[in-house]
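Asker: Now for the letters of each chain:
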Amino acid sequence: MKISIASGKGGTGKTLVATSIAASLASAGRVAIADCDVEEPNSYLFFPDRLILERKECHVAVPVIDEDRCTHCGKCAEVCAYHALAVLPQTVLLFPELCHGCGACIIVCPEKAVSESFRSIGEIFVARSHETEIVWGELALGEARTTPLIKAVKERAEGDMVIVDCPPGTSCSMVEAVRGSDYCLLVTEPTPFGLYDLNIALKVLAKMKMPHAVLVNKSGMGDSKVYDYLEQRKVPLLMEIPLDRKIAEIYSQGGIFAERMPEWKPRFASLISRIEEMIS
Amino acid sequence: MKQIAVVSGKGGTGKTSIVASLAALSSGRAVYADCDVDAPDLHLILLPQVQERHDFIGIKRAFIDSAKCVQCGSCQEACRFSAISDFQVDQSLCEGCGVCKLVCPADAVEMKDSLAGHAYISETRFGPLVHAELFPGEEASGKLVAMVREMARNLAESRHMDLVLIDGSPGIGCPVIASLTGVDLALVATEPTITGEHDLERILGVAAHFGIKTAICINKCDLNPEGAGRIEALAREKGIDVVGRLPYHTSVVEAMVAGQAVVEREGPVAQAMKEMYKSLEEML
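Chains as they are written, first to last, in the numbering used here: chain W, 1 to 280; chain L, 1 to 284.
Derived from the structure by calculation, the hints contain no laboratory data. Be aware that one or more of the hints could be misleading.
[Said to hold, decoys possible] With a Cα cut of at most 30 angstroms, we get these calculated DSSO-like pairs of lysine-lysine:
1) L/Lys-112 <-> W/Lys-207
2) L/Lys-238 <-> L/Lys-278
3) L/Lys-143 <-> W/Lys-75
4) W/Lys-246 <-> W/Lys-209
5) L/Lys-274 <-> W/Lys-246
[Unchecked claim] Short derived list, chain L residues pointing at chain W, Cβ under 7 angstroms:
6) Glu-95
7) Gly-98
8) Leu-102
9) Gly-137
10) Glu-139
11) Ser-141
12) Ile-172
13) Thr-195
14) Asp-199
15) Glu-201
16) Gly-205
17) Val-206
18) Met-256
19) Val-257
20) Ala-258
Even for Gly, the Cβ is constructed at its ideal location relative to N, Cα and C.
Construct the entire structure; sequences and hints are all you get.
Answerer: So this is what it looks like as structure tokens:
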């Protein structure tokens with residue numbers, strides 16, 4: 001089973017929840033965390049005794065122009081939807097960060113001067129800490145496109161239970177991270193910012209037809225509007241974690257919340273049981 | 001005209017609360033731009049009155065005319081994004097490259113513009129705000145960020161204002177790069193947590209990659225004094241100024257709930273925000 005942990009607003013506690021679920025289920029079978037926040041992967045930081053098992057580059061396709069054959073007709077630049085090619089009288093410029101690797105330039109070139117090569121946009125890591133496998137992607141600095149790396153992380157993560165730690169926001173990175181999950185748990189906080197972004201995230205999940213529920217973190221702060229909203233929309237609220245300086249301090253030092261406050265382990269385990277019941 | 005972008009790497013480090021306070025402090029001389037287009041929150045504090053709405057056209061998307069389609073399967077084979085199955089396009093997977101149209105022998109594919117969001121010009125109690133809404137799950141957030149920034153620059157020019165203040169999105173990818181390019185200063189909001197520290201290093205790396213000057217604001221600096229000390233040491237080592245040190249205080253969320261900037265109320269965070277604003281003014 002694959003459960004994604006997403007949010008809309010950043011900093012609501014996705015990684016705290018993902019690592020705590022993994023810690024709470026570790027004795028019950030193989031658990032994997034797939035950290036799909038490839039821009040800022042953090043889950044692995046909470047497993048200081050991790051052993052790196054695998055590390056490899058994530059490659060995407062890019063065109064290569066054979067300047068001997070190229071007549072600088074400009075058709076490749078014209079067809080490129082991403083403005084990744086510019087044809088000058090003497091040469092063709094490629095902006096690799098903009099290229100989506102679609103292959104349109106290869107198809108349109110009348111001189112067969114375009115072939116394909118590969119370039120790295122980041123790395124995929126696989127590590128193990130006791131019973132937990134952690135897979136994460138790390139986007140190279142300056143790279144803009146995240147989705148190929150997110151796909152690669154999801155493909156590599158294996159286990160009876162895969163917890164997908166998603167990037168914040170509601171754009172294509174978040175959609176790609178959530179896609180393929182059996183269930184999505186949205187983590188929010190009871191503040192105006194939390195509620196506004198939760199509402200957008202719920203619209204995305206509805207569009208994706210992804211079953212979902214909400215976890216309210218830092219409850220006790222802010223106001224009660226998130227609760228009113230959830231009740232009105234009949235979105236299940238599966239768990240609350242209170243605003244507690246002690247929890248914030250544990251997290252700040254890199255501790256796994258449910259590991260350091262083990263009375264929470266059965267609560268996270270029953271959270272997962274409830275989700276399993278709902279989707280079976 | 002100067003442009004400052006508030007960015008963070010890690011989400012939830014206080015970017016929007018910082019921008020709202022800097023907006024209150026720079027009231028009358030600046031245009032504000034909310035470039036966190038897929039989780040925009042600045043309007044919840046600035047409470048804008050919308051004056052203009054502009055359509056945002058995202059990427060083109062492919063549509064197959066089933067009346068013309070001969071079901072040869074060429075498009076499915078050629079699509080690198082696995083967006084076509086059973087001779088239909090899954091719009092959520094289509095990246096708009098147009099390869100399907102190129103290979104279709106029956107001229108059954110049409111590439112259509114899609115309305116992917118809106119950008120707004122608004123008035124607020126602190127001055128003009130340019131903000132946007134990306135429709136849920138849409139691509140091209142970087143392109144919308146570029147649109148918001150261009151509108152903000154034009155507005156600042158036409159109103160003779162000397163500052164554009166940008167609220168960025170978390171991360172280091174496409175929308176963040178679009179928020180950072182060409183700014184005079186990136187103010188990086190961080191917090192003394194193991195994740196905040198890690199993400200700070202990556203966003204500083206991206207800013208350095210694009211040759212952008214940076215300053216650091218440590219939010220919740222008293223939550224983990226050891227971590228805050230490590231951030232100060234990192235800043236010294238890299239020659240970056242720590243211009244803000246905000247304490248962990250309930251006034252931040254109280255102001256947010258009331259739809260106010262933190263500096264519109266009294267308190268230790270308000271004081272620290274004012275000091276930070278002074279430092280930023282000196283830097284520019």
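Asker: If a hint holds in the structure, say so; if it doesn't, say that too.
Answerer: Taking the hints in turn, this is what the structure says about them:
no.	hint	in the structure
1	L/Lys-112 <-> W/Lys-207	holds (20 angstroms)
2	L/Lys-238 <-> L/Lys-278	holds (22 angstroms)
3	L/Lys-143 <-> W/Lys-75	holds (24 angstroms)
4	W/Lys-246 <-> W/Lys-209	violated (37 angstroms)
5	L/Lys-274 <-> W/Lys-246	holds (29 angstroms)
6	Glu-95	holds (6 angstroms)
7	Gly-98	holds (6 angstroms)
8	Leu-102	holds (5 angstroms)
9	Gly-137	holds (5 angstroms)
10	Glu-139	holds (5 angstroms)
11	Ser-141	holds (4 angstroms)
12	Ile-172	holds (5 angstroms)
13	Thr-195	holds (4 angstroms)
14	Asp-199	holds (4 angstroms)
15	Glu-201	violated (10 angstroms)
16	Gly-205	holds (4 angstroms)
17	Val-206	holds (5 angstroms)
18	Met-256	holds (6 angstroms)
19	Val-257	holds (5 angstroms)
20	Ala-258	violated (9 angstroms)
In terms of the numbered hints stated before, the structure departs from hints 4, 15, 20, listed from lowest to highest.
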